[in-house]
Amino acid sequence: MGIPIPNSKLGMWLFLGTEIMFFTAFIGSYIVLRLGSNGWPTRYEDTHINVLLGGINTFVLIVSSYCVVVAHEAMAQKNFARARGYLWVTTILAFVFLGIKGVEYKGKIDHDILPGRIPETSSQAMVKVADQLEELVRERFHAYTHAGVITAERPADVVTIAPLLQALSTAERPSALTDSEFKRYQEASVADYELFQKWMNLKQHIVADVSLYEVESALPADYLAKRDALPEGARLPALKLEEVRRYLNDLKTRDWPLAGLINSRVFDPHPMVYGNIFASCYFIMTGFHAIHVIVGMILFGMVLKQGSSLNERWTDWVENSGLYWHFVDLVWIFLFPLLYII
Amino acid sequence: MSHDDHQTHHVNYLAVFFVLCGCTGLSVLFDVLSMPKGVTIVLVLAVACAKAMSVMMYFMHLKFEGNWKYVLLAPTTILAVGLPIALFPDIGRSYYINAAPQVTAWADEVAEYEREHAAADGGAH
Chain A
1 MGIPIPNSKL GMWLFLGTEI MFFTAFIGSY IVLRLGSNGW PTRYEDTHIN
51 VLLGGINTFV LIVSSYCVVV AHEAMAQKNF ARARGYLWVT TILAFVFLGI
101 KGVEYKGKID HDILPGRIPE TSSQAMVKVA DQLEELVRER FHAYTHAGVI
151 TAERPADVVT IAPLLQALST AERPSALTDS EFKRYQEASV ADYELFQKWM
201 NLKQHIVADV SLYEVESALP ADYLAKRDAL PEGARLPALK LEEVRRYLND
251 LKTRDWPLAG LINSRVFDPH PMVYGNIFAS CYFIMTGFHA IHVIVGMILF
301 GMVLKQGSSL NERWTDWVEN SGLYWHFVDL VWIFLFPLLY II
Chain B
343 MSHDDHQTHH VNYLAVFFVL CGCTGLSVLF DVLSMPKGVT IVLVLAVACA
393 KAMSVMMYFM HLKFEGNWKY VLLAPTTILA VGLPIALFPD IGRSYYINAA
443 PQVTAWADEV AEYEREHAAA DGGAH
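If you read the sequences in order, they're chains A and B.
Under our numbering, think of the first position of the first sequence as 1, with each following residue one higher.
Under our numbering, think of the first position of the second sequence as 343, with each following residue one higher.
Derived by calculation from the structure, the hints in this document are not laboratory data.
Among the clues, some could well be false.
[What the hints assert, rightly or not] In silico BS3-like links for lysine-lysine, alpha-carbon gap of 27 Å or less:
hint: 1; chain 1: A; residue 1: K305; chain 2: A; residue 2: K101
hint: 2; chain 1: A; residue 1: K203; chain 2: A; residue 2: K252
hint: 3; chain 1: A; residue 1: K240; chain 2: A; residue 2: K128
hint: 4; chain 1: A; residue 1: K9; chain 2: B; residue 2: K379
hint: 5; chain 1: A; residue 1: K128; chain 2: A; residue 2: K203
hint: 6; chain 1: A; residue 1: K78; chain 2: B; residue 2: K379
hint: 7; chain 1: A; residue 1: K106; chain 2: A; residue 2: K252
hint: 8; chain 1: A; residue 1: K108; chain 2: B; residue 2: K379
hint: 9; chain 1: A; residue 1: K252; chain 2: A; residue 2: K128
hint: 10; chain 1: A; residue 1: K108; chain 2: A; residue 2: K128
hint: 11; chain 1: B; residue 1: K405; chain 2: A; residue 2: K9
hint: 12; chain 1: A; residue 1: K183; chain 2: A; residue 2: K252
Given the sequences, and given the hints that come with them, work out the whole structure.
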């Protein structure tokens with residue numbers, strides 16, 4: 001009166017039952033989150049979701065599923081060489097799938113489309129530009145303190161190091177450096193000090209929330225004096241995202257030594273409402289799916305390891321691994337439209 | 343690791359494979375054609391369900407299995423469907439955009455973003 005299938009197959013189906021719940025928890029939550037989030041990012045410029053790559057990966061998984069089912073059929077017919085051949089193709093296709101996924105992930109990382117890294121509002125986007133410029137300033141200043149060009153009690157305090165950097169052109173050469181080395185630092189210090197000023201200026205305007213171009217200085221004393229001079233109820237023009245875009249664009253396109261570095265390290269401000277929850281959903285679903293692909297490759301690898309001594313004892317293994325692989329394909333069948341098309 | 347019950351079912355796997363490829367092409371086609379968003383979603387998900395059924399029925403051989411498949415899969419399916427239904431009233435109907443306190447501060451910026459996107463989308467079509 002038991003279930004008329006082998007124990008291993010029953011075990012695999014029970015496992016797949018838990019897997020269905022595992023993935024539908026993600027997929028179901030994603031659908032519900034999307035339904036509840038009016039303005040969910042869908043444009044390519046926001047998400048960098050590449051439908052063509054997703055479509056190719058869908059095709060790759062379908063071909064691999066076909067190969068697995070044919071491999072299982074060959075095992076049942078005791079044609080082990082044919083089974084091995086199809087399993088090799090499946091494993092290679094799994095590598096192709098992961099390679100394409102890697103290309104997609106790199107695209108997201110290059111554009112900083114990562115959970116917790118996406119500004120969702122204009123003000124967050126402006127703060128992100130200032131934060132990334134600050135990272136650059138710290139990195140540039142660290143080169144001076146690390147090489148002993150500038151000696152400071154608190155090497156991480158860029159505000160106290162900045163005047164020392166400004167005075168570097170007239171400073172004495174430290175004994176640890178050669179003339180040419182010191183001259184190189186002196187030349188670089190002009191641009192690095194300017195970068196510090198630009199960052200500081202932006203940060204002060206963000207803190208004071210005043211226009212970058214209509215209010216020249218947002219230093220606390222200047223800003224407070226200007227504010228006090230205003231008639232009652234009036235306020236200084238507020239900082240706009242467009243101004244920060246223009247400010248950053250100027251730093252990226254002007255003719256100075258740091259243009260290339262800023263271009264590669266500071267992203268144009270691009271607020272994206274629900275961007276972080278989108279990135280979380282994308283990476284958690286595709287990430288867990290990719291882990292399942294790797295597990296499938298291990299299962300097939302164990303069969304392929306048998307080489308020419310593959311025999312009928314492995315038939316159940318191939319069948320159960322095949323069931324697992326079809327499930328991996330099944331999950332992608334839903335991820336593709338949900339993430340790439342809709 | 344083996345058993346003797348490997349029945350061979352006469353399935354034209356190649357035909358199933360071509361059906362799956364055709365369905366994938368159809369999904370992409372629905373995306374390319376400019377149809378109302380709701381229609382695209384329904385069509386694309388219908389195609390996904392058809393593909394999933396093909397894989398389960400023929401590649402996973404569920405078409406040829408006994409009634410045990412219902413016993414095994416029904417509870418998981420009920421739980422899987424139950425989760426979104428359970429979440430929907432809380433999150434699906436009112437995620438943080440409408441009711442949460444931070445929205446008050448964000449309202450202008452969110453409106454600006456949506457205006458920009460509406461203009462861009464309008465321009466695209």
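Status of the hints after comparison with the structure:
1. A:K305 to A:K101: Measuring from Cα to Cα gives roughly 26 Å; hence the hint holds.
2. A:K203 to A:K252: 18 Å, holds
3. A:K240 to A:K128: 14 Å, holds
4. A:K9 to B:K379: Violated - the C-alpha atoms of K379 of chain B and K9 of chain A are around 41 Å apart, more than 27 Å.
5. A:K128 to A:K203: 10 Å, holds
6. A:K78 to B:K379: Violated, at about 50 Å.
7. A:K106 to A:K252: Within the cut-off at roughly 23 Å; holds.
8. A:K108 to B:K379: Distance of about 25 Å is within 27 Å: holds.
9. A:K252 to A:K128: Answer holds: K252 of chain A to K128 of chain A is near 16 Å, not above 27 Å.
10. A:K108 to A:K128: 17 Å, holds
11. B:K405 to A:K9: 16 Å, holds
12. A:K183 to A:K252: Holds - the C-alpha atoms of K252 of chain A and K183 of chain A are around 25 Å apart, at most 27 Å.
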